[in-house]
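Q: Protein sequences, first through last, are from chains A and B.
Each residue of the first sequence is one higher than the one before, counting from 0 in numbering that gives the first Met the number 0.
Each residue of the second sequence is one higher than the one before, counting from 0 in numbering that gives the first Met the number 0.
No lab work stands behind these hints, which were simulated from the structure alone.
Quantities reported herein were computed from a predicted structural model and do not represent experimental measurements.
Positions of the beta carbon are idealized from the N, C-alpha and C atoms, including for glycine.
Among the hints, a few may not be true.
Claimed, not checked - Per label pair, the in silico range of CB-to-CB distance:
| id | chain 1 | residue 1 | chain 2 | residue 2 | range |
| --- | --- | --- | --- | --- | --- |
| 1 | B | G83 | A | Y29 | 49 to 55 Å |
| 2 | A | E40 | B | D2 | 39 to 45 Å |
| 3 | A | L59 | B | Q53 | 21 to 27 Å |
| 4 | B | G134 | A | P113 | 21 to 27 Å |
| 5 | B | T86 | A | A85 | 19 to 25 Å |
| 6 | B | Q78 | A | R96 | 28 to 34 Å |
| 7 | A | N112 | B | T31 | 24 to 30 Å |
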Amino acid sequence: MAVCVAVIAKENYPLYIRSVPTENELKFHYMVHTSLDVVDEKISALGKALVDQRELYLGLLYPTEDHKVYGYVTNSKVKFVMVVDASNTALRDNEIRSMFRKLHNSYTDVMCNPFYNPGDRIQSRAFDSMVTSMMIQVC
Amino acid sequence: MADAVLFEFLHTEMVAELWARRPDPSPGGQKTSLSVLEGMGFRVGQALGERLPQDTLAFREELDALKFLCKDVWVAVFQKQMDGLRTNHQGTYVLQDNDFPLLVRMASGLQYLEEAPKFLAFTCGLLRGTLNTLGIKSLVTASVAALPACKFQVVIQRA
Numbered sequence: 000m001a002v003c004v005a006v007i008a009k010e011n012y013p014l015y016i017r018s019v020p021t022e023n024e025l026k027f028h029y030m031v032h033t034s035l036d037v038v039d040e041k042i043s044a045l046g047k048a049l050v051d052q053r054e055l056y057l058g059l060l061y062p063t064e065d066h067k068v069y070g071y072v073t074n075s076k077v078k079f080v081m082v083v084d085a086s087n088t089a090l091r092d093n094e095i096r097s098m099f100r101k102l103h104n105s106y107t108d109v110m111c112n113p114f115y116n117p118g119d120r121i122q123s124r125a126f127d128s129m130v131t132s133m134m135i136q137v138c
Numbered sequence: 000m001a002d003a004v005l006f007e008f009l010h011t012e013m014v015a016e017l018w019a020r021r022p023d024p025s026p027g028g029q030k031t032s033l034s035v036l037e038g039m040g041f042r043v044g045q046a047l048g049e050r051l052p053q054d055t056l057a058f059r060e061e062l063d064a065l066k067f068l069c070k071d072v073w074v075a076v077f078q079k080q081m082d083g084l085r086t087n088h089q090g091t092y093v094l095q096d097n098d099f100p101l102l103v104r105m106a107s108g109l110q111y112l113e114e115a116p117k118f119l120a121f122t123c124g125l126l127r128g129t130l131n132t133l134g135i136k137s138l139v140t141a142s143v144a145a146l147p148a149c150k151f152q153v154v155i156q157r158a
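Next comes chain A alone, as it looks inside the complex (with noise of 0.2 Å):
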């Protein structure tokens, strides 16, 4: 269950960003934002590296002592961050990656709405709902 959610695009502006308790807004704003950084380092090491091809699912990015933030790029450069509750320890990794799967499907379900128009924040009432079912539930 994941705590905040955030699309980014590839010239690294928000697309979509929500977070459930909503007191602390700017925190996992400001999480997901320094995470744009190690996301970058990722995509740039390994194709330095001999590794044959980039897998698109990037893992842990960094843990904090409350949250722990994973990572996911597109091979249209635009990123995916999922921030978790570090107290969850049942989470395993092949859930993290369906979540991500789920939400790049979704992802790809919006640049197909002949009405999205590239590059605009994302209002899409099903991505809102296939989010809200990642999300954990706090009240």
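Knowing the structure of chain A, use the given hints to seat chain B on it.
A: Relative to chain A, chain B alone:
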């Protein structure tokens, strides 16, 4: 296998409709219709560029993206692969198709050569849109020497 023709019919109607409504037969008016077609292809290409490479791994370099265009995108849209890809390694690529499905029903040879560009505008936009989503800014033009063979020239714009 009726799906392939559905797109061909739709495409033919799109071109016919744009030319039927055009009140201004001068070269300026024709350019507008061509750019409308190219714009449509661009938006479709952007969506395709997001959906098709969904499960493939990241592209390491430009040439990989162009190969992806020639193989996966062409197969998805036209059910065949591109016949040839040439490059001068300085940002220009020429994609050759000897049997372009949108032209194959029209003629085989030099007849209708002047009409051919109208039917290539959408595909040029499609290529440009897909490359745009993959992060490559380009300029795509098409040329026909003899139907149904055609060449698409992709020039990568470096900032």
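Q: Run every hint past the structure and note whether it holds.
A: Results for each hint:
no.: 1; hint: G83/B <-> Y29/A: 49 to 55 Å; result: holds, 51 Å
no.: 2; hint: E40/A <-> D2/B: 39 to 45 Å; result: holds, 44 Å
no.: 3; hint: L59/A <-> Q53/B: 21 to 27 Å; result: holds, 23 Å
no.: 4; hint: G134/B <-> P113/A: 21 to 27 Å; result: holds, 22 Å
no.: 5; hint: T86/B <-> A85/A: 19 to 25 Å; result: violated, 49 Å
no.: 6; hint: Q78/B <-> R96/A: 28 to 34 Å; result: holds, 32 Å
no.: 7; hint: N112/A <-> T31/B: 24 to 30 Å; result: holds, 26 Å
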